[in-house]
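*Asks:* Sequence:
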Amino acid sequence: MSGVLEAVGLGGASDGGGWSGVLVLLAGAALLVAGLCVLVRAVVGPTVLDRVVALDALVVVLVAAFGLQAAVTRSTATLPVLVVLALVGFVGSVSVARFAAKETR
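Residue 25 is where the sequence shown starts when you use our numbering, and the numbers rise one by one after that.
Listed next, with one range per pair, are the computed distances between beta-carbon atoms:
#1 Trp43 / Ala125: 45 to 53 Å
#2 Val115 / Leu92: 17 to 25 Å
#3 Leu49 / Phe123: 36 to 44 Å
#4 Arg98 / Val68: 35 to 43 Å
#5 Gly69 / Leu92: 25 to 33 Å
It should be emphasised that the hints constitute simulated quantities derived from the structure, not laboratory data.
These figures come from a predicted structure and were not determined experimentally.
Cβ coordinates follow ideal geometry from the N, Cα and C atoms, glycine included.
Can you build the whole structure from these sequences, using the hints too?
*Replies:* Following this line, the structure appears as structure tokens:
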């Protein structure tokens, strides 16, 4: 397992021999599985609102992935991307909710 961690730049002497590399890989795998599940829901979803909720969840997964990348690299360069993605997801969800509320009247 340490060979895999060193191959992706997460292992070695600077890591201190802790579990952080394994946790990062597990978090990345969980985000990958969540993203794939959300994409399936976006494609299969029977209604438009199901697809919108799935795409909103995909934005949340992307924000979490960028946050994981920022934590691993200890870089603040991706923080503006996180803020913009979160705002786009929020505005998109509110817009669709307002449109759906007008349509049901």
